[in-house]
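Chains as they are written, first to last, in the UniProt record's numbering: chain L, 1 to 443; chain E, 1 to 172.
Examples of chain E residues lying across from chain L (beta carbon under 10 Å, computed):
(1) 45
(2) 47
(3) 99
(4) 101
(5) 105
(6) 106
(7) 108
(8) 132
(9) 138
(10) 166
Below, a list of computed lysine-lysine pairs in the DSBU-like style, where the Cα atoms sit at most 35 Å apart:
(11) E:120 with L:382
(12) L:426 with E:97
(13) L:273 with L:242
(14) L:273 with L:245
(15) L:395 with L:382
(16) L:267 with L:382
(17) L:225 with L:382
(18) E:97 with L:39
(19) L:267 with L:245
(20) L:395 with L:273
(21) L:382 with L:245
(22) L:242 with L:225
(23) L:273 with L:382
(24) L:439 with E:97
(25) L:40 with L:225
(26) L:439 with E:120
(27) L:267 with L:242
(28) L:267 with L:225
(29) L:395 with E:120
(30) L:225 with L:273
(31) L:225 with L:245
(32) L:40 with E:97
(33) L:242 with L:382
(34) E:120 with L:426
To be clear, the hints were calculated from the coordinates, so they are not data collected in a lab. Keep in mind the model is a prediction, meaning the values are calculated, not measured. Glycine residues also receive a C-beta, built at the ideal position from the N, C-alpha and C atoms.
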Amino acid sequence: MSNVVVLDNGGGLLKAGLGGDLDPSVIIPNCLYRPLSAKKWLHPSPISISTADAATEAPSDLDLTSASVRRPIDRGYLINPDLQRDIWSHLFTSLLHVNPSNSSLLLTEPLFTLPSIQHATDEIVFEDFNFASLYVSDSPSLVHFYEASRRPTSLLSRAQCSLVVDCGFSFTHAAPVFQNFTLNYAVKRIDLGGKALTNYLKELVSYRALNVMDETFIMDDVKEKLCFVSLNVPRDLQIARKPGKENLFRCTYVLPDGISYTRGFVKNPDDAKRYLSLTDEVSSPSLGVKKDVIELDVSEKTEDRKRIDLTKNEFDLTNERFLVPEMIFHPADLGMNQAGLAECIVRAVNSCHPHLHPVLYESIVLTGGSTLFHNFAERLEKELRPLVPDECQVKITTQEDPILGAWRGGSLLASSPSFEAMCVTKAEYEELGSVRCRKRFLH
Amino acid sequence: MDDDATNPFRRMSSRTRKVAPKMVAALASSDNRTQAALARLEALENDNAGVEVVENIDDEDASLDDDDQAYIQKRQSKGTKRKTRQAKALEAKKAPKTFMELLHEANLESLPSHVPSYSKAAVGPPSSTSRRHFCTVCGFAASYTCIRCGIRFCSSRCQNIHNDTRCLKFVA
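Can you build the whole structure from these sequences, using the hints too?
If you want it as structure tokens, here you go:
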């Protein structure tokens, strides 16, 4: 086999590259968009690999203001195969430059994909693109595979067992993985992810300040730059009430005006960082690493931007900054009849064999883009500790690049010698059909 | 809210209110508070592309006069007649199904109880029923409930804003 295409087909971002590489060569939003100025649906331009400055450094001159978006994936599952086919064919021909008929495909699929969707996926892969062979995997097992091979001496790798918390774009899963297989009877899901959070922020800002209901891309940027997880909600609510300089959370985001700049930005990046001084006294030393990332993110071109003063196209955020990510920990506050993330993890662990419980609590791996909120892991540990039996240790591992975790695992798997034997070939598909082939993947 | 205190003139929203079709249905039903809450949650999963089409159709219907009604009915009935069964099937094929439709089609309830499935993986209700309420106007802890629509607010200032803008108008 010449090459393996590894494709992590997420609801928000599509990560693709060749098996064996360290990083995916292409990351693009898994959608088509139509700016106000265009009549046609366009393919978004790829995002650069270093995610820290992805949004600001993207080369596209296109104005994303009020762009409509069409996504092939809804609630995490593929509902529009035709649209997905469009996006994939753009990906394979113009971005990756691969010839599907002499390569195999490693594809990620969400857990519990419905049979009809699996069937549609197989049809696209084998009948439209003519891939030579296909292997379908789920992201928790790939993340586990990657973490286990990265730290061979850790408990996670010695016990071959971990609890992967995947908080992505469409939903959040707590999935126990054992011997590289996701224990699907124990998986628990919260129907909240990055998309719902962005939409919630949109709704709040639209009601309180400016109508931004159509600004999906801009509000994504606002969420990524300004939102963080609070370690003490009542205290932070008190602080957010204070006027003037004492309010550590107030900061202003400037919307693009379409003339001098086509991207929104944080008006005063120092204001946006002021909340960090608060968290120092409570948190653990592991915070130091993360701080650098945030500083890197906002410390550009501040001098000339400060001077720009707009009367209308900006809005203030105060308590929205931490109340939005708060929803993952307490979906009930939104009126959702679902338990929060900590309880979700406990329920997932309790569905496993009791012998696994201590190991699972000690090897929790956080992955997915929504775990990038500042203080996410600290808050989770704080909520989880009281719920876990005293004799168990809680240890939460964060990945250094949670968006790419599943892809890297896939890349490793694709370069392992046994990979070819695990695939279903086109000939087998044609002979046996979709259903029988799927049995091979033990789904 | 602090914002309002600093601004001498309260900014009024200039946008047109869009009431989603689901909201209309929710308002018509008997237990509309829970229905509206559900519809609001549903709206969190929306993309902004699909909405436009629906809006246009709504506007068209809304602008009709009573005089035109008969003519339109005629036109509509003519239109439906012309559509053959085949054309309808094609149209249905073209429009992608929503995930909820696919889920319904998969008929997961018919699976034996030990088989893990999408519906069984949901985390389920929280163990404690206590819920924090946040003011829909300013976001701080809310101790009062609107007697008409059940939405929360924290002070009389927020109540006034709520009554002016959002009460019983479930903005999608």
